[in-house]
Amino acid sequence: MTHAYSEMYLEDAMRTLGEAVDFALCDQGLNPAELTAILSNALEMKQFERGMPRVVCGMAGDELARDIIAHAGLAPVECRETYPFDRSPQYWAGWVLAYAQWMCNLGFNELLEVAPLDWIIGSYHPLHEASEDKFAQIIIEKWNNAQADKKGLKAARKAAGLTQKQLAAQSGVKLRAIQLYEQNQLDLRRASVSSALALAKSLSCEIEDLIWQPVALDTTRRLFRL
9 MTHAYSEMYL EDAMRTLGEA VDFALCDQGL NPAELTAILS NALEMKQFER GMPRVVCGMA
69 GDELARDIIA HAGLAPVECR ETYPFDRSPQ YWAGWVLAYA QWMCNLGFNE LLEVAPLDWI
129 IGSYHPLHEA SEDKFAQIII EKWNNAQADK KGLKAARKAA GLTQKQLAAQ SGVKLRAIQL
189 YEQNQLDLRR ASVSSALALA KSLSCEIEDL IWQPVALDTT RRLFRL
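Residues in the sequence shown are numbered from 9 upward in steps of one, following the working numbering.
Accuracy of the hints is not assured; some may be wrong.
Taking lysine-lysine pairs in the BS3-like style, the calculated list, with each CA pair at most 27 Å apart, reads [what the hints assert, rightly or not]: (1) 142 / 158; (2) 209 / 142; (3) 150 / 209; (4) 150 / 162; (5) 158 / 209; (6) 173 / 162; (7) 158 / 173; (8) 182 / 150; (9) 158 / 54.
Just so you know, the hints here were simulated from the structure itself, not pulled from any lab data.
Could you put the whole structure together from the sequences, leaning on the hints where they help?
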């Protein structure tokens, strides 16, 4: 998977977002639901996920938070002079969120839709003792599960009100193949053009609407110091 920015900047990015979330919740006094909504719509977070250097590693986390807060129409409080050595659950939430986003290349708004900040902070015990990969796998599994009911062959079939047997009869595609496509055990992208066209025609949609694969992570072990 191609990432938005080099791994050499990843730890800086994680630290920046950790400080930003900690500042917004602990200093600014926003609650997790408020900050989730703000981050989901913030221009700076779009820039962050695209790897813009100024946002990823060119500013301190509290500076990033103050920019986001100001652009949300609020008056940001002053930056703190120092950060405590012990990192808070709020800091950890931003830290692992940045890692998960870098790993999967989904937007922050997409990740926060299935894993809002209150859920992430609530996962601090015991996940903060696990690797960042463990958290990334959990959050991506949540996203994949949420998308499975909205995208792909199964979702299109249900929207059309057809059973698997009915779709097989109408399209001429074997029932077993349809079952395997829906279970992601066969890749519909590798199906014959005639089969893909037949399914799309039977479901009154485009082939692109049927082709959805879960996000898979490269879980090469990385070590970071929180």
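| field | Hint check, failures only | value | When the structure is compared with the hints, numbers 2, 3, 8 turn out to be violated.
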